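Here is how the chains run, residue by residue.
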Amino acid sequence: MTLVAGLEYASVLVFALTGALVASRQQLDLVGFVFVAALTAVGGGTLRDLLLGAGPVFWIARPEFIMIAAAAAIMVFFTAHLLESRYRALLWLDACALAVAVPSGVGVALGHGHGPIVVLIMGISTGTFGGLMRDVVCNEVPLLLKQGELYLTAAFCGAGAALIAMAVGWPVSSALLVCAGITFCLRAGSLAFGWQLPVYKSRPPKA
Amino acid sequence: MTLVAGLEYASVLVFALTGALVASRQQLDLVGFVFVAALTAVGGGTLRDLLLGAGPVFWIARPEFIMIAAAAAIMVFFTAHLLESRYRALLWLDACALAVAVPSGVGVALGHGHGPIVVLIMGISTGTFGGLMRDVVCNEVPLLLKQGELYLTAAFCGAGAALIAMAVGWPVSSALLVCAGITFCLRAGSLAFGWQLPVYKSRPPKA
Amino acid sequence: MTLVAGLEYASVLVFALTGALVASRQQLDLVGFVFVAALTAVGGGTLRDLLLGAGPVFWIARPEFIMIAAAAAIMVFFTAHLLESRYRALLWLDACALAVAVPSGVGVALGHGHGPIVVLIMGISTGTFGGLMRDVVCNEVPLLLKQGELYLTAAFCGAGAALIAMAVGWPVSSALLVCAGITFCLRAGSLAFGWQLPVYKSRPPKA
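Residue numbers (the numbering used here), protein chains in the order written: chain B, 1 to 207; chain C, 1001 to 1207; chain E, 2001 to 2207.
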């Protein structure tokens, strides 16, 4: 199994767990859990494959991705009540999912021979759209829009770091691991220590 | 006209009626009615065709689908005030639309030679995404997420029943009719008698 | 540069400005500004290209569109506080974006040889879906659903006027300019003078 395929499996599994946790916050039934988990798990990669327009969508070619998402949803349905804080678990699993989905998007776009801007966007889209659909469909405030947190910025810096690593001659696999590491560290630092970028304020401080 | 084509026309017509009813709840003008009706009517099938990636989207190949949706919207604009309860009409029309759209998705996916998991997902997606877009765009709580109702479950069981029927040797057309019947009965039973699956509770009852 | 390409550049630029203004209302950071601006700027055209299924999505073929959106977002991040009313600026820029995006969608669909219904829908979709995604993702009430305003109607009349102009023998470029003019005048008239169509009322006046 290639590194990109491994990242894809990991991102489907972990995003499915986050989807099921959001479904538990909405008190859905088991089929609802599987639906939200599958939507979250394959949403970002589906958008990526539709945009790249190269061959079938990944989970249509290999439907076992859907089975993985369904299994994860069923597991969460029966065990989520054991968690001390489902929201805390959701935030950290989402950070892990972001950190594997961004390099998977970067890797797929590179594999199709695209230039840096498209690679950057595919990394960010693959990493963020599954979670965005999950939050829009379930009427939650999208995690990626929460003020004063690094989310898109983590994805952007991770994908950018992969491009820089390759520009200085690193092999693709190392660049993807750097991408995952930087994405996770920035997002985790934001969750744990409150790292953030300055946000827009309508009235900037007087000089 | 084949059975699948007939189901497709019926689902466009009935989903358009539901879209126009939601537009009436938002007090839109006539063009807004047509827009929401068309979005609801072709939303699920459009997603299905984009995902399957086989030829043009169905309403681009046959634009009369859009005319049907527009005609339905105009009719509702001028007659909806005659309904005693627009919300009740919406719920039951939506149940009918679900019951024709799921087998249409199943039939199209079968026609492209896909395996059971993809067929199941295409049935569910075709049945649910039009209504989901309608509700997300119009800021309504998505019908498919309402707690304690069978909606996704009805679609899932209907599509699953079609697969089982074909596995035991029934012809496709009978399998699609079984699919429509089971989807409608489960959804209608939920609306009329409150049938439901157990939902997730954060604190399960002590043993 | 052809007229259609010029309209496309203008619509990406102006929609990106509106996206960044909505991002400022959400107090996002700089990367969030770029994300919402890019989503708004290319959302409608991306949907159009996916639906038409003809070749790659426009900004994948020419990634400079993303650079334009990013530059617009950065400019707004640092200058939006100079605006007297960001919401007023948003409404008027959105009207301008609508008026260039509708003819760009009409022009692209005509270029692919589609008939009038598909051309009409592509004009309306290209004009409205970028703004719709912006508003759904940012939890704002979609501009196109605001009661008692011409929005979809402006897009519909603009695209329809282009079709009529061509039916009476005008060249495509004139028809697209007519489309832009009518779309803008109707939307601007609605913003400035309160022009509107009658909306649906559940209880119509007695005869």
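Check the hints yourself; a few may be wrong.
Sample of chain C residues with no beta-carbon within 10 Å of chain E, all distances over it, derived [stated by the list, open to error]:
hint, residue
1, Gly1032
2, Cys1138
3, Leu1191
One-sided excerpt, in silico: chain B residues whose CB lies under 7 Å from chain E [to be verified]:
hint, residue
4, Leu51
5, Gly55
6, Ile117
7, Val118
8, Phe156
9, Val172
10, Ser173
11, Ser174
12, Leu177
13, Phe193
14, Val199
For the record, the hints were derived by calculation from the structure and aren't laboratory data.
Small disclaimer: the values here were computed from a predicted structure and weren't measured.
Positions of the beta carbon are idealized from the N, C-alpha and C atoms, including for glycine.
Margin query: Which constraints among the numbered hints does this structure fail? Numbers only, ascending.
Written below: 1, 2, 5, 9, 10, 11, 12, 13
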